[in-house]
Amino acid sequence: MNGVLNPVKPGMIFVFFLFCLTWAGTQEVHAALLDGLLDDVEESLAEGLAEKGEKLTTGNFYTDDKPNAHAPIGMMGDHTHEAGEVMFSYRLMHMFMEGNRYGTDRLTTDEVTMMGRPVPGGYLVAPESMRMWMHMFGLMYGWNDTVTLTLMVPYLNNSMDHVTRMGGKFTTRSEGFGDIRFGSLWRLWAVEAPSLGAHRFHFNLSMSIPTGSIEPTDQTPMGNIRLPYPMHLGSGTFDFYPGITYGGEMGRATWGIQAIGTLRAGNNSNDFSKGDAYTINVHGAYEVIPDTLSGSVRLSWNHWEDYDGMDPNIRTNHPMNQMRIVQTAFPDLLGGQRLDVLFGINVLFPDFMGLESRLAVEGGFPIYQYLDGQLETDSVVTFGWQAVY
Numbered sequence: 000m001n002g003v004l005n006p007v008k009p010g011m012i013f014v015f016f017l018f019c020l021t022w023a024g025t026q027e028v029h030a031a032l033l034d035g036l037l038d039d040v041e042e043s044l045a046e047g048l049a050e051k052g053e054k055l056t057t058g059n060f061y062t063d064d065k066p067n068a069h070a071p072i073g074m075m076g077d078h079t080h081e082a083g084e085v086m087f088s089y090r091l092m093h094m095f096m097e098g099n100r101y102g103t104d105r106l107t108t109d110e111v112t113m114m115g116r117p118v119p120g121g122y123l124v125a126p127e128s129m130r131m132w133m134h135m136f137g138l139m140y141g142w143n144d145t146v147t148l149t150l151m152v153p154y155l156n157n158s159m160d161h162v163t164r165m166g167g168k169f170t171t172r173s174e175g176f177g178d179i180r181f182g183s184l185w186r187l188w189a190v191e192a193p194s195l196g197a198h199r200f201h202f203n204l205s206m207s208i209p210t211g212s213i214e215p216t217d218q219t220p221m222g223n224i225r226l227p228y229p230m231h232l233g234s235g236t237f238d239f240y241p242g243i244t245y246g247g248e249m250g251r252a253t254w255g256i257q258a259i260g261t262l263r264a265g266n267n268s269n270d271f272s273k274g275d276a277y278t279i280n281v282h283g284a285y286e287v288i289p290d291t292l293s294g295s296v297r298l299s300w301n302h303w304e305d306y307d308g309m310d311p312n313i314r315t316n317h318p319m320n321q322m323r324i325v326q327t328a329f330p331d332l333l334g335g336q337r338l339d340v341l342f343g344i345n346v347l348f349p350d351f352m353g354l355e356s357r358l359a360v361e362g363g364f365p366i367y368q369y370l371d372g373q374l375e376t377d378s379v380v381t382f383g384w385q386a387v388y
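Each residue of the sequence shown is one higher than the one before, starting from 0 at the first, in numbering that gives the first Met the number 0.
I should point out that these hints are in silico values taken from the structure, not numbers from a laboratory.
So the derived label-pair ranges between C-beta atoms look like this: (1) Asp350 <-> Thr107: 46 to 56 Å; (2) Tyr154 <-> Thr107: 32 to 42 Å; (3) Tyr154 <-> Phe342: 25 to 35 Å; (4) Glu97 <-> Gly52: 55 to 65 Å; (5) Thr107 <-> Val40: 55 to 65 Å.
In this text, a Cβ means the ideal position worked out from N, Cα and C, and glycines have one as well.
Throw the hints in and build the complete structure from the sequences for me.
Here it is as structure tokens:
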């Protein structure tokens, strides 16, 4: 079962979310929530631009049709849509992890199993590598000139290779739908002028429902058992994702910053919750071929906490000798932080019957990792298609 023990927190979040959408649908909306509230700032900018013979445009979220009008494909919730506009998207994401790390130190499997790292005594089993594939189906809809609604449905396929203290090898797998995520993007403020460029801000507000399994099982040397936490397909909790996004544009260049949090609403039905997480993205892109091709670079900072609680059905110690089995079964060894650098390409195709489509790819690797005792990430690649109608 993937429900939560205490429905009060997720219920409050859901009610607040519906209230926000209801308010946006019934009020007289503008292009941005802060229209008219930053008059002093806008007046000061307008006066300075007037001396150059330029005019300041405010509340305009329109972006020219260019390949880098959207952020690198590995980012989500980076742009809003006009009222009635629909965007369909598909992403294929792959993450490869190999080798263990404790802090900034790389560990061999012998160090994990025989030499007592990351804890004294060692483990009977050490993970060697893991592959994570995710298909992400997305939908965005411009509900009005203020709010864009979002929906994301993931399907995951995970595999992890292990080696035992005696040298035996085995692989575990899990596959299925993850947690479905829905939400909204709220336009906040936008200004634009020829010498100033375009600057746009929006608020990210979304939540996920626990549709992904937190009870996957597979065959191991100890029989068919419940797999440790990294092999789970969901969190088992209702999760809340607040954030803010800024995007800028001038000539052929675009850039942006996004900060997103992941907040868990209590423990799930198996008495644990994943740790809260925080992500900051900074990206820049340049239109290499006008109206067709752009290249991008992105820095992504990720911080995630250890788990709270523990699933009593995940085995941590061998029943015969009480030795620790594998570090992935211990919730206090799952936190960490990582800085990735990623490079991408966006390709924009000519409109066809009112459909604007993009193909994009982005790939990269960590340049810094500090982990509590888990597999380190080697590479991240995302391929995607977006179609706006």
